[in-house]
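Engineer: These protein sequence lines map, in sequence, to chains G and Z. Position 15, counted from 1, in the first sequence is what this note's numbering calls 15; the numbers after and before it change by one each time, with no gaps. Position 90, counted from 1, in the second sequence is what this note's numbering calls 90; the numbers after and before it change by one each time, with no gaps.
Since the hints were derived computationally from the structure, they do not count as laboratory data.
Listed next, the stretches of chain G that the computed footprint assigns to chain Z, with coverage defined by at least 3 CB atoms under 8 Å from CB atoms of chain Z:
| no. | region |
| --- | --- |
| 1 | 54–67 |
| 2 | 88–99 |
Away from chain Z, derived, C-beta distances all over 12 Å, residues of chain G:
| no. | residue |
| --- | --- |
| 3 | M1 |
| 4 | V15 |
| 5 | V19 |
| 6 | T40 |
So the derived label-pair ranges between C-beta atoms look like this:
| no. | chain 1 | residue 1 | chain 2 | residue 2 | range |
| --- | --- | --- | --- | --- | --- |
| 7 | G | I88 | Z | V31 | 18 to 28 Å |
| 8 | Z | I33 | G | R101 | 33 to 43 Å |
| 9 | Z | I24 | G | K98 | 17 to 27 Å |
| 10 | G | Q18 | Z | T89 | 33 to 43 Å |
We put the beta carbon where it would ideally sit given N, CA and C, even for glycine.
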Amino acid sequence: MEQIPVLKLGDFLLVSIQVELHDELVLNLQDDLTSRIQRTHARGVLIDISALEIVDSFIGRTLGHIAAMARVLDATTVLVGMRPAVAITLVELGMSLKGIRTALDIDKGMALLRLSLDEASDETGVSPSSP
Amino acid sequence: MAFGSLERTKFVTAASELARNTLIHGKGGTVTIFEVEYNGRTGIKLVFADQGPGIADIERAMVDGYSTAKSMGLGLGGARRLVNEFDITSTVNVGTTVSITQWKRR
Numbered sequence: 001m002e003q004i005p006v007l008k009l010g011d012f013l014l015v016s017i018q019v020e021l022h023d024e025l026v027l028n029l030q031d032d033l034t035s036r037i038q039r040t041h042a043r044g045v046l047i048d049i050s051a052l053e054i055v056d057s058f059i060g061r062t063l064g065h066i067a068a069m070a071r072v073l074d075a076t077t078v079l080v081g082m083r084p085a086v087a088i089t090l091v092e093l094g095m096s097l098k099g100i101r102t103a104l105d106i107d108k109g110m111a112l113l114r115l116s117l118d119e120a121s122d123e124t125g126v127s128p129s130s131p
Numbered sequence: 001m002a003f004g005s006l007e008r009t010k011f012v013t014a015a016s017e018l019a020r021n022t023l024i025h026g027k028g029g030t031v032t033i034f035e036v037e038y039n040g041r042t043g044i045k046l047v048f049a050d051q052g053p054g055i056a057d058i059e060r061a062m063v064d065g066y067s068t069a070k071s072m073g074l075g076l077g078g079a080r081r082l083v084n085e086f087d088i089t090s091t092v093n094v095g096t097t098v099s100i101t102q103w104k105r106r
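All chains should be modelled from the sequences, with the hints used to inform the complete structure.
Structural biologist: Set out below in structure tokens:
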């Protein structure tokens with residue numbers, strides 16, 4: 001089965017998509033990522049799409065599904081590196097990827113993931129400052 | 001024939017939406033690629049044809065969010081916005097033909 005590699009880095013899973021996606025490949029990624037989140041207890045997922053020239057409505061919708069599924073599994077998803085041409089095309093297509101966080105590059109995406117992890121621990125009151 | 005990256009992304013994305021329509025709604029079909037020339041301008045034209053159930057109300061099918069299948073129905077209206085020229089003809093129980101053209105910038 002053709003697969004996109006998923007790397008574990010601390011609390012996060014990293015996915016760097018280096019080939020153009022087709023339907024089956026992005027659905028495999030969805031299955032693989034959700035089971036990896038469950039197995040590794042990852043709290044964040046970073047998906048790098050900087051190599052992608054084409055994101056059509058099916059792929060855009062599936063990326064949105066991945067983010068929603070990760071959310072239900074208590075992990076935040078950040079999509080990074082979208083090319084300007086892809087952003088223009090998606091919006092003109094009528095798809096603004098609401099509900100999925102984005103960042104310009106991997107560094108900013110990682111910072112966003114760390115921030116969301118800090119916010120989550122503050123809310124649950126497990127911060128070291130509590131008496 | 002070389003296009004800029006934005007034109008390429010838009011056109012290939014539109015082609016992907018239409019190919020999916022041909023496959024899912026049209027039950028399969030053909031796509032034909034033409035290099036076209038008009039008034040000294042060159043471009044690329046794709047014609048998607050199927051012998052599927054056809055579309056009864058094309059105007060309604062072009063509206064975002066309208067879809068008879070489980071997709072979101074962005075396909076036709078979205079594809080039209082991404083290309084220079086868009087043409088659709090459809091007859092119920094005969095099939096649907098959609099053509100899109102992108103002209104190279106001078």
